[in-house]
Amino acid sequence: MTTILDPTDERVPVARQLSPRTGEIVGRLALLDISKPKGSLLLDRFESTLQQRLPGITINRYAKPTFTKPAPDELRREIKAQNDFVIEALAD
Amino acid sequence: MSKAHNLLPAFSLKNNIGEDISFPNNRQSLICFVKEDCPTCKTVMPILEACYKAFGDSIDVHLVGQTHAGNLQLVKQFNLSAPMLDDSSLKVSFAYDVEIVPTLIRSDQEGREIERQEGFVREDWQNLCTTLSNDLGLPAPEVDWEQFPEWRPGCGSLSVDPLIADRLQAEAENSPLRARKIEIAAADDEFEFMFDQGFTDGLPLVPPTPERVVRMLTGTRRDSQEVVAIVPPNMGDATIEKIAINAVMAGCKPEYLPVVIAALEAVCTDEFNIHGVMATTMGASPVMVVNGPIRERIGMNMKLSALGQGSRANATTGRALRLAIRNIGGAKPGGTERPTLGNPMKFTMCFAEWEERSPWDPLHVERGFKKEDSTVTLLCMTSGPTLIVDQTSLTAPQLAGSFGLALANVHHPKAYMGSDALLVICPEHIDTLLKDGHYSKEDVRNRILEVSKRPVKELLADELSGVGIPADRFAAMPEEMQEASLAKFRSPADIHIVVAGSDAGKFSGAFHGWVTGPMGSIVVTRKIEE
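Heads up: the sequence lines are chains A and B, in that order. The first sequence: position 82 = 81 (numbering that gives the first Met the number 0), numbered continuously. The second sequence: position 213 = 212 (numbering that gives the first Met the number 0), numbered continuously.
I should point out that these hints are in silico values taken from the structure, not numbers from a laboratory. Since the structure is predicted, the reported quantities are computational estimates derived from the model, not experimental observations. Please note that the accuracy of each hint is not assured.
[What the hints assert, rightly or not] Ranges of calculated distance between the beta carbons of each label pair, as one might list FRET restraints:
| hint | chain 1 | residue 1 | chain 2 | residue 2 | range |
| --- | --- | --- | --- | --- | --- |
| 1 | A | E9 | B | P161 | 28 to 36 Å |
| 2 | B | T385 | A | E9 | 36 to 44 Å |
| 3 | B | G201 | A | E9 | 43 to 51 Å |
| 4 | A | M0 | B | E141 | 46 to 54 Å |
[As the list claims (entries may be wrong)] Here are the computed lysine-lysine pairs in the DSS-like style, where the Cα-Cα straight-line distance is at most 27 Å:
| hint | chain 1 | residue 1 | chain 2 | residue 2 |
| --- | --- | --- | --- | --- |
| 5 | B | K302 | B | K52 |
| 6 | A | K68 | B | K526 |
| 7 | B | K456 | A | K37 |
| 8 | B | K180 | B | K90 |
| 9 | B | K180 | A | K35 |
[As the list claims (entries may be wrong)] These stretches of chain B come out as covered by chain A in the derived footprint (C-beta under 8 Å, 3 or more residues):
| hint | segment |
| --- | --- |
| 10 | 178-188 |
| 11 | 227-236 |
| 12 | 240-247 |
| 13 | 484-491 |
Note that beta-carbon positions come from the ideal geometry of N, C-alpha and C, so glycine has one too.
So that you can see chain A by itself, here it is in the shape it has in the complex (with noise of 0.2 Å):
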């Protein structure tokens, strides 16, 4: 029997929980773009369907300064704090 070392970082991964669905969307939604090109016409189409389709929400937009980047704690602090649901759009 051989015994070696774990190189990684030992996490057991957490199965994630999917939030209830109560059946209907209302409250408040966060778009988030993550300044990908065209993430913003995406988001634009998304606002104004949605707006249409579910009057009873009141729709934030927010950005990431970069793609490249994890959004900084402090947005996503803030969209949790603001919001009901979030949209991330990536686009090209």
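Position chain B against the provided structure of chain A, taking the given hints into account.
Same frame as chain A, now just chain B:
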């Protein structure tokens, strides 16, 4: 080394008739480590037996032997009545820091070390016996001291045998290892197992056994549990131990470890942005350039084939960085690493600058370090090295002009002002640059900027290629901007220059960068702490 008054580690060992013998046992003790193939140990056996007969009722006399078969042989050959304890696992010898056999230790009844002797010095042994005899009020052992040599050196303890000592260190209570141990069944092939676990870059790995990792950790003075970086995307803690495990797998020698540590620290900064570098579809990769005295010390290649294969120090150091990012950070192709094509630099890309062949300040001095510092500089590159073939330029402006024309194609001939580049100038090209006198690195950079400059009108997207300035943006420009020219790079500092390669051949190399600046990746240099 004085160990006087240290509390000795407790132990329990079996004697030659299978009984468990413990130390300390609320009595003074005389402990002697021996091994059968040591002539000095054999010389002192009759003295130890005489001590047992003289003092054995009042104190514990433990003979500790280092091999099972050797112990039985000693008992038989010297007709010992003194108990011979079996330390064939060598754990007690290791815990007692025994380097020489015989080592004779006297302890008080709490197990505190009073005296230690290595090898055999007749006078010292005789004095010890006299002291014990006086302390205990018992007759001295029956030893004809004149029959013994005045002095004999001992032999090396088995516990410091290089083949065994690393295993003992890994298993000891103060072991520097904390990583999870994975046991691979005897029927499994450990190489296949590591492929199955996803630890590898696609090539076989050296199994990171505890012995190998302990040996790797001798390459640094830093604490094995020090966290030197947080590695994205999993934000995993990079301890020195985890880096050492990945360095073992990559095939590094212990002396390469400080380079790997410094490189991982460098890439995990916000400036370098390893998360974006690994994630980008452009297939970027860290490139390591090593400067300073460590180059020679660890045998890095900076000459013939400097950017190619064949050097263990270059190949495994670069690979260790990549494996650490993969395993500690979790960046894997298909996960958060998503290059469209990728490139072979993602296996390894590390070389040293041939500072002595360069007429200029080396890279690390340009970047604010002392010449005598050893450093590693991390550059984010998407492709390279692409060859710049110029066997015919005879003057510095001509040759630097060739560099400019070649670098004008970084990413795309119409992609301007977004990237940086690493230019590796070969020695024969250095000779050409200096042929007519002084020609500085700044001269090379300025010539590159001058030659690669293009009128804005030539950089428009058109029927030939959709890359370039879109027609509507051009139309919206003020007239003077429409008539202006653009440099390939935003600043001369975006052209990084080092010297490497063999003395023969007029072929320099260029690496093409990624997105340079705070939106992408910025070059980072770290001092290597040895």
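Where does the structure disagree with the numbered hints, that is, which hint numbers, in rising order?
3, 5, 9, 13
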